[in-house]
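Protein chains in written order, with this note's numbering: chain Y, 388 to 661; chain V, 388 to 661.
Keep in mind that the hints were calculated from the coordinates and are not lab data.
BS3-like cross-link-like pairs, simulated, lysine-lysine; straight-line CA separation at most 27 Å: (1) LYS655(V) to LYS506(Y); (2) LYS655(Y) to LYS487(V); (3) LYS506(Y) to LYS655(Y); (4) LYS655(Y) to LYS506(V); (5) LYS655(V) to LYS487(Y); (6) LYS655(Y) to LYS655(V); (7) LYS506(V) to LYS655(V); (8) LYS506(V) to LYS487(V); (9) LYS506(Y) to LYS487(Y).
2 protein chains.
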Amino acid sequence: MGWDRRLVIAFHFHAGRRHLGGGMVQVTMTALEGVPLVREGDDLAGLLIAALERGGTGLEDRDVLVVAQKVVSKAEGRVVDLADVTPSERAETLASETDKDPRQVELVLAEAEEVVRHKPGVIVVAHRLGHVMANAGIDRSNVEGGERVLLLPVDPDASAAGLKARLDAHFGVGAGVIVADSVGRAWRLGTVGLALGAAGLPALMDRRGAPDLFGRPLEATLTGFADGIAAAATLLMGEGDEGRPAVLVRGLDWQGEALPAAALLRPKAEDMFR
Amino acid sequence: MGWDRRLVIAFHFHAGRRHLGGGMVQVTMTALEGVPLVREGDDLAGLLIAALERGGTGLEDRDVLVVAQKVVSKAEGRVVDLADVTPSERAETLASETDKDPRQVELVLAEAEEVVRHKPGVIVVAHRLGHVMANAGIDRSNVEGGERVLLLPVDPDASAAGLKARLDAHFGVGAGVIVADSVGRAWRLGTVGLALGAAGLPALMDRRGAPDLFGRPLEATLTGFADGIAAAATLLMGEGDEGRPAVLVRGLDWQGEALPAAALLRPKAEDMFR
Numbered sequence: 388m389g390w391d392r393r394l395v396i397a398f399h400f401h402a403g404r405r406h407l408g409g410g411m412v413q414v415t416m417t418a419l420e421g422v423p424l425v426r427e428g429d430d431l432a433g434l435l436i437a438a439l440e441r442g443g444t445g446l447e448d449r450d451v452l453v454v455a456q457k458v459v460s461k462a463e464g465r466v467v468d469l470a471d472v473t474p475s476e477r478a479e480t481l482a483s484e485t486d487k488d489p490r491q492v493e494l495v496l497a498e499a500e501e502v503v504r505h506k507p508g509v510i511v512v513a514h515r516l517g518h519v520m521a522n523a524g525i526d527r528s529n530v531e532g533g534e535r536v537l538l539l540p541v542d543p544d545a546s547a548a549g550l551k552a553r554l555d556a557h558f559g560v561g562a563g564v565i566v567a568d569s570v571g572r573a574w575r576l577g578t579v580g581l582a583l584g585a586a587g588l589p590a591l592m593d594r595r596g597a598p599d600l601f602g603r604p605l606e607a608t609l610t611g612f613a614d615g616i617a618a619a620a621t622l623l624m625g626e627g628d629e630g631r632p633a634v635l636v637r638g639l640d641w642q643g644e645a646l647p648a649a650a651l652l653r654p655k656a657e658d659m660f661r
Numbered sequence: 388m389g390w391d392r393r394l395v396i397a398f399h400f401h402a403g404r405r406h407l408g409g410g411m412v413q414v415t416m417t418a419l420e421g422v423p424l425v426r427e428g429d430d431l432a433g434l435l436i437a438a439l440e441r442g443g444t445g446l447e448d449r450d451v452l453v454v455a456q457k458v459v460s461k462a463e464g465r466v467v468d469l470a471d472v473t474p475s476e477r478a479e480t481l482a483s484e485t486d487k488d489p490r491q492v493e494l495v496l497a498e499a500e501e502v503v504r505h506k507p508g509v510i511v512v513a514h515r516l517g518h519v520m521a522n523a524g525i526d527r528s529n530v531e532g533g534e535r536v537l538l539l540p541v542d543p544d545a546s547a548a549g550l551k552a553r554l555d556a557h558f559g560v561g562a563g564v565i566v567a568d569s570v571g572r573a574w575r576l577g578t579v580g581l582a583l584g585a586a587g588l589p590a591l592m593d594r595r596g597a598p599d600l601f602g603r604p605l606e607a608t609l610t611g612f613a614d615g616i617a618a619a620a621t622l623l624m625g626e627g628d629e630g631r632p633a634v635l636v637r638g639l640d641w642q643g644e645a646l647p648a649a650a651l652l653r654p655k656a657e658d659m660f661r
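Starting from the given sequences, assemble the full structure and let the hints guide the process.
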């Protein structure tokens with residue numbers, strides 16, 4: 388993934404540093420209202436800037452703006468009309484084994500490095516981006532036209548970095564941006580938000596060496612910081628007709644180098660489940 | 388798990404209903420400060436009530452209080468001194484294969500229904516509670532005395548319900564309570580918060596049938612609501628010397644029946660990874 392593991396060594400993290408009068412720590416999440424329906428070629432950064440200004444929050448240093456993958460993909464033109472897809476023989480076979488549309492399976496295979504598991508209704512793949520997820524994150528809902536589906540952004544970390552650059556320049560701050568998707572889990576029901584892309588914050592934080600309350604080193608000290616933020620913000624987004632594709636998270640803080648969401652991927656050599 | 392799947396059918400969910408002047412939706416998370424170190428037999432509900440009153444937030448209808456599993460386990464006396472543990476032959480074998488303390492492995496096996504995978508440093512089990520997790524959630528950090536470890540609560544959903552009953556009665560409200568732990572993931576690095584126990588809210592929410600922006604039914608509409616809230620609150624807890632074991636989440640809303648965290652467990656028959 389081009390990410391240098393050495394970067395994550397030896398910084399400390401203190402989450403949620405907004406200290407109130409009573410010594411409390413507070414984080415506020417605000418869903419941006421009035422973001423219009425996004426279409427291919429739209430200036431998503433411009434739409435987000437307008438919504439932040441209209442909502443009155445603006446954007447401050449260390450704010451994190453979490454943006455739904457769907458609107459990022461739409462703005463980047465990642466919509467595919469299934470009528471334009473010709474399934475391969477492999478896709479036809481897998482589609483019949485999984486009771487899925489062969490054209491959609493063709494797209495799943497095209498987006499995947501590896502099929503990890505499959506059963507009727509679901510194909511778990513290692514996406515070319517490295518994320519292990521159902522159906523390669525391809526989504527049919529909230530795409531205009533019943534035969535259209537939405538692929539993940541080509542490079543969600545780059546999408547996040549691009550949005551961050553625009554937001555930072557406009558507001559004169561250093562913010563974090565996360566591109567979030569809702570995903571299923573192997574052993575649990577229900578979706579949770581997860582970071583596909585991140586910029587301006589350590590997506591993976593290494594707290595190795597931070598002492599616990601009794602002064603011993605912590606055992607499990609790698610924190611999926613961007614995934615936690617994505618899960619939090621997704622609570623406000625909804626997935627249906629709410630139309631709230633961006634959430635501003637204010638009050639978090641962090642130390643250390645920024646790392647992209649690619650840093651969250653477990654190397655295949657350490658993977659016990661594929 | 389005794390949970391009736393039919394309960395989750397056909398209710399709608401609208402997250403984060405705090406509508407501000409500009410039509411925005413806002414959720415606030417506040418870490419409770421000044422919760423003292425918890426020890427076996429402590430009145431955890433009383434300590435949380437005192438912290439809520441001292442912090443000035445009180446507790447309102449539909450507030451969700453997220454409490455770290457560690458302090459629940461401590462209050463419930465789930466501390467084990469490794470000096471009192473005699474490893475079985477099976478534990479000795481697995482310990483040598485995983486480079487772990489045989490006494491700790493003995494406890495992992497005692498807490499597990501099934502060993503799912505193992506390699507040096509980690510044993511992934513299906514916990515007797517149903518959660519698939521590393522090392523059965525047994526934790527050595529933040530337990531006084533280097534030879535002591537902490538098991539998960541006997542019944543975290545019951546722990547959450549017990550705390551909820553005390554909090555509701557004291558403040559005269561209907562709140563949600565989540566018992567949260569930080570866990571690793573199969574395909575991703577870093578821990579995220581997850582709900583081991585829940586009361587007063589739908590831990591799993593079924594939005595099947597809620598229309599999307601274009602009126603079609605949503606495809607993936609089961610939401611891991613309590614897991615998302617746990618992931619969010621865990622951002623503020625830290626795991627080291629912060630000593631912030633409880634986070635108040637205000638501004639979420641939900642409809643439908645309350646469901647415990649047990650509802651989040653994927654039935655083994657549907658599990659593709661064990």
